[in-house]
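Chains L, U, S and Z are the protein sequences, given in the same order.
Taken in order, the first sequence gives residues 1078 to 1445; the numbers are from the numbering used here.
Taken in order, the second sequence gives residues 1078 to 1445; the numbers are from the numbering used here.
Taken in order, the third sequence gives residues 1078 to 1445; the numbers are from the numbering used here.
Taken in order, the fourth sequence gives residues 1078 to 1445; the numbers are from the numbering used here.
These aren't lab readings, by the way, just hints derived from the structure by calculation.
Among these hints, one or two may not hold up.
Since the list gives no way to pick one copy over another, a pair counts as held whenever it fits inside one copy or between any two copies.
[To be verified] In the EDC-like style, the derived pairs of lysine to aspartate or glutamate whose C-alpha atoms are separated by at most 20 angstroms in a straight line are:
no.	residue 1	residue 2
1	K1336	E1280
2	K1403	E1339
3	K1256	E1268
4	K1347	E1396
5	K1269	E1255
6	K1098	D1166
7	K1126	D1391
Quick caveat, the model's predicted, so the values are computed rather than measured.
Protein chains: 4
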Amino acid sequence: MTGNSIGDLFKVTSFGESHGKCIGVVIDGCPAGLKLSEEIIQNELDKRKPVHENFSTSRREEDKVEILSGIFNGYTTGAPICMIIWNKDFDSTTYESIKFTPRPGHADYTAYIKYGGFNDYRGGGRFSGRITASFVMAGAVAKRILRLFNIEVLAYTLEIGGIRMKQMDLDEVIEYVEKSPVRCPDLEASEKMLKMIENVKCEGDSLGGVVECLALNVPVGLGTPVFDTLEGDISKALYAIPAVKGVEFGAGFNVAKLKGSENNDQYTIKDGKIITLTNNSGGILGGISNGMPIVCRVAIKPPSSISKKQFSIDLIKMEKTTLIVKGKHDVCIVPRAVPVIESMVAIILVDHAIKTGIVPKVVKDVME
Amino acid sequence: MTGNSIGDLFKVTSFGESHGKCIGVVIDGCPAGLKLSEEIIQNELDKRKPVHENFSTSRREEDKVEILSGIFNGYTTGAPICMIIWNKDFDSTTYESIKFTPRPGHADYTAYIKYGGFNDYRGGGRFSGRITASFVMAGAVAKRILRLFNIEVLAYTLEIGGIRMKQMDLDEVIEYVEKSPVRCPDLEASEKMLKMIENVKCEGDSLGGVVECLALNVPVGLGTPVFDTLEGDISKALYAIPAVKGVEFGAGFNVAKLKGSENNDQYTIKDGKIITLTNNSGGILGGISNGMPIVCRVAIKPPSSISKKQFSIDLIKMEKTTLIVKGKHDVCIVPRAVPVIESMVAIILVDHAIKTGIVPKVVKDVME
Amino acid sequence: MTGNSIGDLFKVTSFGESHGKCIGVVIDGCPAGLKLSEEIIQNELDKRKPVHENFSTSRREEDKVEILSGIFNGYTTGAPICMIIWNKDFDSTTYESIKFTPRPGHADYTAYIKYGGFNDYRGGGRFSGRITASFVMAGAVAKRILRLFNIEVLAYTLEIGGIRMKQMDLDEVIEYVEKSPVRCPDLEASEKMLKMIENVKCEGDSLGGVVECLALNVPVGLGTPVFDTLEGDISKALYAIPAVKGVEFGAGFNVAKLKGSENNDQYTIKDGKIITLTNNSGGILGGISNGMPIVCRVAIKPPSSISKKQFSIDLIKMEKTTLIVKGKHDVCIVPRAVPVIESMVAIILVDHAIKTGIVPKVVKDVME
Amino acid sequence: MTGNSIGDLFKVTSFGESHGKCIGVVIDGCPAGLKLSEEIIQNELDKRKPVHENFSTSRREEDKVEILSGIFNGYTTGAPICMIIWNKDFDSTTYESIKFTPRPGHADYTAYIKYGGFNDYRGGGRFSGRITASFVMAGAVAKRILRLFNIEVLAYTLEIGGIRMKQMDLDEVIEYVEKSPVRCPDLEASEKMLKMIENVKCEGDSLGGVVECLALNVPVGLGTPVFDTLEGDISKALYAIPAVKGVEFGAGFNVAKLKGSENNDQYTIKDGKIITLTNNSGGILGGISNGMPIVCRVAIKPPSSISKKQFSIDLIKMEKTTLIVKGKHDVCIVPRAVPVIESMVAIILVDHAIKTGIVPKVVKDVME
C-alpha cells in the first residue's frame, strides 16, 4: 500500500527516477529453479525501445540490464531478484524552467502538491514513462514462468489516432505483428498510422491509441473473488502505465449495447475440452479465468509533452502563465506501450498462478 | 490477497452467500468518533432495492441491516464494524437442476472448477449480485466519512440498451436523478430506457448499460503512484461488481482519438484555486487526484440469467446439453448498480484519504 | 495492517466486544472441501471454558458457536467462513465507575487515548480476554486442516506462580495433560499450582505462568525468510493474546548461556529421515521448519484485575486517585490460555503450509 | 508475505546475498522532506563493524553505502529509496565443501530443502548475518525520522556467555555504552565478557548473549490491536536477525513469578504527565504504547560456525558424516547485533508512527 509494489506472491517493487542514477526493480516470490540471465531480460527490454525514428524521443539510452541478486549459477534461487538499468544519456537542464510551471496533462502539479515540492521533477522523476522499463524487466521474468506452463501473453496496437486495425485471426496477428513498426498486425492500417504520426509530429502535437492484449492457454481457475478478480487485478496493474485512461475486457463497453442472449457465451465441447462459442466475457467469468483467451483493451492517451503553447500556472506566484515544453518527446507511445502492457498482464497472471497452486515454489526449467 | 477484502487502511471484508444465512461485512480501520446507526446504513441499503416492478427480481428481501460490533453509544469506537443482513425470502429448489449445467455468462462453471465442486451454487452463492449488499453497507460508512470532509460521490445511469442520456450540467443531474426510476437524470432518455426494459422483459431477455460516477471536492493528493493509483484502485474495486466489463476515466477510450493539444487539460486560476479548463483526465493525473471532479464510467453487462434456451454442458457426463434458466430475474441491473458503484468509489476514496492523512484516526462528527 | 486480521493466505479477521452483541471471526482463504460443523468448532471452544471453580470468572457464558457463512452441505466452500458467539450473560454496570479511572496493568488508559475516549470500555471491550474466543474458533478450523496433513499442535502449562513442571516425555505429556485441571501434565506440580491459586484467590491477587507449545510432524520448509520467519510469525500471533509478555523458541533465553558446541543441533539419520540429536533450535533454522518438533514457550502475566486497592488517575481531573476493581475475575488464566496458544500456532502453521504449497486450495477430508 | 519486506506504511524490502554482487534495501513509504545522505547512513552502518579484533570475522568489508534512488537535492522525495553495499572482499571457495553437508545450527539444510537445492549457499547466501547490513541502512533512515519527533532507540549488551551487567540508570547506560568494545555499559562486566570471548575463541567455540533495547519518548497510542500489537510487530522484526531465539518485553518471562499486585504498573502524575510507578509492561499495554520507555530483551544464540568437529549428514548419499567448518568466523555477534536490533525496533516504530498519524507524509527536517 506504499504504492511501489504490486503482486501478492510474485511481488514486484519498482524504484528509480528518470534522471536519477538508475531504474530498478525487485521481484520477491519468484520460484527457485527458473533459468534466468541478463540476456533473457535484455531481449524483452529491447522491445520497449523506440521502434522508428518518426516517433522516437531524443533520448538514446542503451538500457542495459544488470542483475544484482537472486540468480546463482544461471538459475533463480528463491531469493529476491534485483535488476537495474543505469541511467546514462539525459539532460536535465530543460526541466529547471518548468519546476514551478506544471505541464498540462502531466503529473507535475499533483506530484508537487503531494510531496510538498520535494519530488524529483527532472524528466518527470517517478512519473516518467521511463519507469515502465522496471515493469518490463519484471515482465520478462513473469513471461518466462508463464511459458513453462505454456501460457503466452501477446499485445498489439489496435488503434492509433482514430485509425483502427481490421478484424484478424490470431494466426495472422502473430504472423504480422512484428513486421509493423507500430506493432499493428494489419499492415495497411499500420502504414496509415505511421503516416499520421509523421504528420502530427510536424504539427508539434501527439497521438493516442488503443492496445489489445491476449493471454492464451490460461487454465481455468485463476482469479480470487470477490475483490481480487482477474479483471480487477489486471486493470489495476495496467493503470500503473502513466498514459492509460481506460481498460475493458471481452466485449467491454460494447456490453452496454448487447442483450443477454447476445452477450452470454454459450458452452460447447471441442476436442474433449469445454469452450464457449463466443468470447464476450474475455475469458473471465466471476473474476475467474474460464480457459478461453483473456482479452483486454487499453486506452492510451496522447503524450502530454507537446511543443505547442499551453496555459499553465506559476505555482509560486499563483498566477496564470503560458508554457512551451522544450526538448524532443515521443509523438505516440502506443507501440512502446505494447511490451509494457504484456509485462503487466504477465505479472498478474504469474501472481494468480502461484496463488492457485499452478506454479510451485520450485520449478523445473528445461526450456532453451 | 485471499480475495474477500479490499482497502489497506479502511479494509472491507465481505462474507455470506445468496442463499446462506446472511450477507455480511466487516470494516476494519474505520476512524473512531463517527456517528453511526442502523438507520444511516439502512438509508443507503434501500437505494439498492429494485426501483421499479418492471425490472425487479422476484425476490422481495427486506434487507434490514443489523450492526453486530464496532458501535458504542452511537459512535464508532475504532474497533471492527460487523454488519449483516439476514437472508429470508429465498427458494433454492430451482438451483438443483443447474448444479452440473452451468448457466452461460454466469460464474457457475469457473466456480465449480476452482472450488472442486464444493461451492455453494444456490442462487449463485458468492457470485450473486446479492453480495453487493455488503458493499453498500460498507459504502454507507465510507460516504459518511467523506461527507465530514465535504466530499460527495454521485453516480447515475448514462446508458441502457444503447439509449444514452444527453449532456447535462451537474446541477441538473443532481436535481433530476432521483426522479427517474432508472436513475437517469435525463428524464426523456429515462422514459425510453424504461420502455425498452419492458419490451426486453417480454422477450425473456436482458439489458446492459453504462453508469457514470463523479466524486466532487476531492482534495489534491489522493493516490499512491506507481501501482496504487487512484484509477487502478477504483477500477479494481469496481470489478468486484459481478457485471462490470469495462472502466474508464475522464475522456476514457476517447483519448485514442484525441491529439495531445486536445486532450491536455490546461491550467487556470479561479477564485484563488488552481483548476483545469477541461477535465479529460477525469480528475486524476499521475494516479493522483488533481482537485477536479473525478469522473469514471462503468460498463455493465446484461444479466446472464435469461429465460431463453441456451447451449450448456453437462459437467458430469461431459456432453453438450441445453438449458432454460427458471425463476424470475432482473432484466437490467444498471439502476441497482448505481448505489453499489458509489459505494465502491467511496470506499477507495476513504482508504486513500486515510493514507494521505486527510482523515485522522479519530474524527469529530457533528453532522445530523 | 488495520490490526484485526492475521495471516496472508489463511486470513483470520476478529471482531466483536466483550459486552457487545457478539464475538466473531471471519476466515478468508480456508481451502474448499474441509468437513466442518458447529460441533467441531464447539469442541475446541469448550476447552477455553474456565476449567475449575477456583480460578473461574463469575461470567458463565455458554459460548455457543454459530456458523454464518462458508459451509455448504457440511463442507467448506472456499468462501469466507464467518462464525459468531452471541454474548449473553454480562453485567456492564461496574464498568461505569472505572470509565475515567484506568485499571493498572489493563489497556484502559492506552485505549482511551488512542481512540479519543470512543472505545467501548465495558468489560475491556476489544481488549478483553474474551476476544480470544474468536481466535479459538479460527484455531479449530486450522487444527482440522493440519490434522489432514498429520500435523498436531499441543500446548500445556509449564509453570504457574513459580511452580514448574518436571521434565517429561512427550508420551507422558499427552497421557496426563487432560487429567490436570490446570492443564499441567506433571500431576504433582499441578496439585501445587492449584493450591497456590486457591491461596492467591483468597488474597484477592492473581498469578501468571508459562505455557509450552509443541507442533509435531511439521514438514521441512515452512517459513519465509528473511522477515516472515516461522518464529516471527508465531511470535506476533501469540502477542495478540492480551497477557503475553515473552515468547521464546527451543533453548530460548538459555542460548545466552550456551556455547556454539552446546547449542548447535548436530545431524543424524534415523529411519531414513534426517533428524537432529538435540532440539535447541526448537524445530526452526533460518526461520524455516527443519522437521523436528517446533517448541515455543509463552510468558503469561497475572491478570491485572485484582481486588486490592491500587493507585490510578482520574483522566478528567488529571489527578491521582485510588481504585478497587469490582466484580469477580480470573485469578490465573494460564490454563485457559493453553487452547488459545494452540490456536494461534495452528493458524500460522496453516498459513505457511498454504504458502509452501503443502495445503492445496481444495482438500480431501475423509476424517471422522 | 513473500518474506523479504517488512512494514506496512514504511515498507523495507531487503535483497542481496552474502557472496553475491551486493546487499541492498528498498524503503517505500519514507516521508518526503527528510534530510538524507550517504554520510548519515554510513554513520549507522559503521556501528555494525566488528568492534574488536578478538571476535571479528576475517572478512574486512568496507561496507560503503551507495544511494541509488529516492533522494534529490539532499532530501527524500517520497519515492522509494534504494541503497546498496557492493560486496568486495569474499572468498567462496570454502563453501563448495559444505554444499551438501549442512552445518549444524545454520540454515544450510532447511534452505537446501525449501529451495530445491537452488539456494546460493556461498557464505550462507540470504541466511548470512551479512544480510542485516540492509536492515541497518533502513534503520538509519528510521532513526532519523524518529529523532525528528524526539524518539530515541538505544540498545546495549546485557549479557554474554552468562555474564550479566549490573542494574544501571539510564544516564549511566548512555554515558558508558560507547566506551565498551562489547557495547556493555557496565565496564567491569564488559571486561569479563571480553576475557571470556578471548578464551572461547581459543577453544574454537562461540558465545551467545542478551541485548536489551529501549525506545524513549514514544508517545501514547502506537500499536494496532488485536494482531498488529507493538510487541508482536517488534518481535517479528527482531526474529529476522538470524541468531534470535527469544524476545520479551518489560518484566518478560519473569511475569510468570509475579502476582498481579506486584506486576501491575500503578499510575501517578509527574510534571503534569501520566506515568507509571514501575514499568513491568515495558511501555506497552494492550499492544499500545503507554508513554513509558519501551523495553525489550533479545536472546542471541552463539554463532553456529565453530571450528570443532560436528556430526552432519551427506545430503546426496543420505548418510552420516562429520564436518569441520573452515574459515574465520565471529566468536560472538552480540555486540554487532546491537545496532541491528536498534534498527529493527526503529523501523517498526516509524511504521506505527506513520499509521497513527504522528509522522506525516511530508516532514520538516531542520536537524543538523
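Exercise for review: Check each numbered hint from earlier against the structure, then list the numbers of those it violates in ascending order.
Suggested key: 7
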